[in-house]
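Read top to bottom, the protein sequences are chains A and B. Residues 0 to 441 (numbering that gives the first Met the number 0) make up the first sequence, in order. Residues 0 to 399 (numbering that gives the first Met the number 0) make up the second sequence, in order.
None of these hints come from the bench; they were simulated from the model. Note that CB positions come from ideal geometry on N, CA and C, so glycine has one too.
What follows is a list of derived Cβ distance ranges for each label pair:
#1 A:PRO215 with B:GLN381: 42 to 48 Å
#2 A:GLN218 with B:PHE115: 27 to 33 Å
#3 B:GLU180 with A:SER281: 41 to 47 Å
#4 A:SER80 with B:GLY342: 45 to 51 Å
In silico DSSO-like pairs for lysine-lysine, Cα to Cα no more than 27 Å straight-line:
#5 A:LYS314 with B:LYS194
#6 B:LYS194 with A:LYS282
#7 A:LYS270 with B:LYS194
#8 A:LYS322 with B:LYS188
Okay, the calculated bits of chain A under chain B, using three or more residues with CB under 8 Å as the criterion:
#9 361-367
#10 382-393
#11 421-433
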Amino acid sequence: MTYQSYIAAHRFGLGASGGDMRGISQNPKGWLKAQIKSGTQTALVGSFKTTDEITRQVSKIKAAKQAERRKIIKQGVALYSDEMEARFQHAIKTETPLIERLVMFWSNHFAVSFKGKPYIAGLMGAYERDAIRPHVLGKFSDMLRAVVEHPAMLVYLDNVQSFGPNSVVGKRRNRGLNENLAREILELHTLGVDGGYSQKDVIAFAKILTGWTIKPPKQGGGGFEFIKYIHEPGDHVLLGKKYNQSNQAQGIAALNDLARHPSTARFIATKMARHFIGDNPSKASIRKLERTFINTDGDLRAMVDTLINMTEVWKNPLPKIKKPYEMVVSCFRLMDIPDNKIPFKRVAQSLALLDHLPFQAPSPKGWPDTTDDWLSPNAMMNRVEWCHAFAQIIRPKENPLDFARGAFGGVASADTLTWIERAPSPVDGLALMLASPEWQRR
Amino acid sequence: MVSRRDFIKGMCSTAALAMAGTLYPGMVFANAITDRRLVVVILRGGMDGMAALAPYGDKNYTKLRGDLALSSDALLRVDPFFGLHPSLGPFAKLYEKGEMIAIPASASPYRERSHFDAQNVLELGSDRPNGLDSGWLNRLVGAINANEDTALAFGQGLPTIMRGSASVNSWAPSALPDVGEDYLSLVEKVYAHDKVFAKNFAKAINIQDMSMDAMKGSERKMTRKSRSPQAFVTMSKTAGQWLARPDGPRIATLELGGWDTHVQQGTEGGRMANNLSLFARGIDELKSGLGSAWSKTAVIAITEFGRTARPNGNRGTDHGTAGTAFLFGGALKGGRIVHKWPGLKSADLYQGRDLRPTIDIREVVKGVLSEHYGIPQSVLSQQIYPDSRNVGLVKGLIRT
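Please model the entire structure based on the sequences and the hints provided.
What follows is the structure, encoded as structure tokens:
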């Protein structure tokens, strides 16, 4: 096995299924490119509740009394759990793991979380299915709009609490702006914190986005709705440009411009380079991605294609640490574990322990993406212990040396292989392989 | 069974001498930059400040608090106006010794009612929920040029207050099954050729050894269930013992939840009383763990917001504004209640429902940091709490 195939399988994918690297080894780049060719399925297949149905439930929370509130939260958490199980099962079985990595990357870029807002737990899966998945090989501008129109984001970042002070509703109820969503779109989703905007821009953009909300429960509830009676009337100036459209068209125009802004191109290029090349990617590689973003009008498929073609990507075999979720998925993929051998509840407990439960990021910034953030001594000990617990459940019969050679022979150091061979039991040998720096990295 | 520590010592004496620099227990926490200890206790859920410290001298108290009023006979009347909840016996003792200060009617700058946002404001030290990238305690670690082993968070996961660019550690008893020494020593060998893994794993082993020293097996098991109410008490004891070590950490966080008492919070007994009792026992254990180092210690116990002044329909209280902050430690100039009491008449209440905040928690923290560590005003107002030049500082909290 070459280390190029390990890069393809682990840095771009989520590990090889059954440890079978053969298909990848023959042509790592080709294996990746086949996954992004047009017509590739990016949806999560299954029967799920729709965003509108779930939002209808969520929107009842405001008027709900204690007992009803608890019920809504409980239903939402149950729904979250089902959705996350389907997502996890898909990740360990999919033959297009690159797509799943892209989904995770973008879900994290446009992070939503139910930490602090337990009543939106049920919307997390639907958010990713509806706002992220359809666009991971599409246009950045389309994903941005889908995200900003999704109830999960509108509630998470409080746009449903934002009222144009001079709008009909704002005046009647004496309510004002909530800048949260507008600020985070500029800072975290598009321009980046140094992208060249001011507090005035935040306020203007918050005004532009007033009225982007969810259907009121009194009108039956449901998904996204633009309500003009909440929208701050008038022209607003964002980044020096006047937006004189009325109603939702104003926000759509602003989002379209933000999606194409040079700062956005730079910001997205940097984040993708950091995820796929290393914690400190070269300026040249960022510039290359930035040019692709600009030249293709933010085509995310072209961004991935550019990455696959870059020589820098294929130089260093192990520059990145696997985040806990990726690490757990790669272990499951490696072992081809039969359904129900490890109930999802236990997987979720593991993820919680490893501080990486999906949609529980500590802030709208999402999970960090550099080695230092994931290898504190405590986190490290948790990983080491988790690998052992996992190996104990698997109970391999043979010494895993042959297995290890097949799975990561091309990148494992001679030392690592030697110690796996010398491990006192097959369980210790497998645990050691999984805990090794080579397996923990990608 | 050979403890991990003995095992490592054994290794040091034989073939692994070359690695002793990274493995020998004690090396990790060498050169702590200051002798002074600071512990921040985060009381999550919004502690009802008037249940912890009742203003029994306010003539509106009994009527306003209704079902939740504590009789002045039951209270520990450390002060003619304020009395401690009967479950807080250990605090009354600390008060008498001059090692406790309570600050009623205090609040962070947050004025809404979400736990999550309020905790963010409290911990980030910003005036809005996502206003900063790092917690104020992490910025303190940066500001005092501490080394990467100065600060340790006790509990699962790093709390927001500790997150940031300064290097800090966290520790929690593992919820996973114990793994054998054989396996860990193999892991050590496999990590030897990866610098980052080797360095952090050596630290992890070291921290685990300290915990083995500090905790008996039964205590470890108890704390392992982080939801176990006893966990805070044993964690506090462990924290005290680690902080006491000459080579131990100097700044630590502890967390205690269970304060979100919307329903049946109780008075002299009940849910609130039980939680207060855990709080008090934890601080007591922290003190005994610290031993003589207690005299160099300041503890800041803060919550994200107080609760509504009146009981709600369920004999509980809802999310409010001002609460009570507590300071403990031998370094305090204590035995006082520091307050600007706002009163309990309806017109005195914030938005007609909450105790009105009259002291900003940042003033209290600034006061402690300025006197405990000699941190200059400019650093406090720009680095620790950016843009807080308008926020003053409470003087005279620490013996200097």
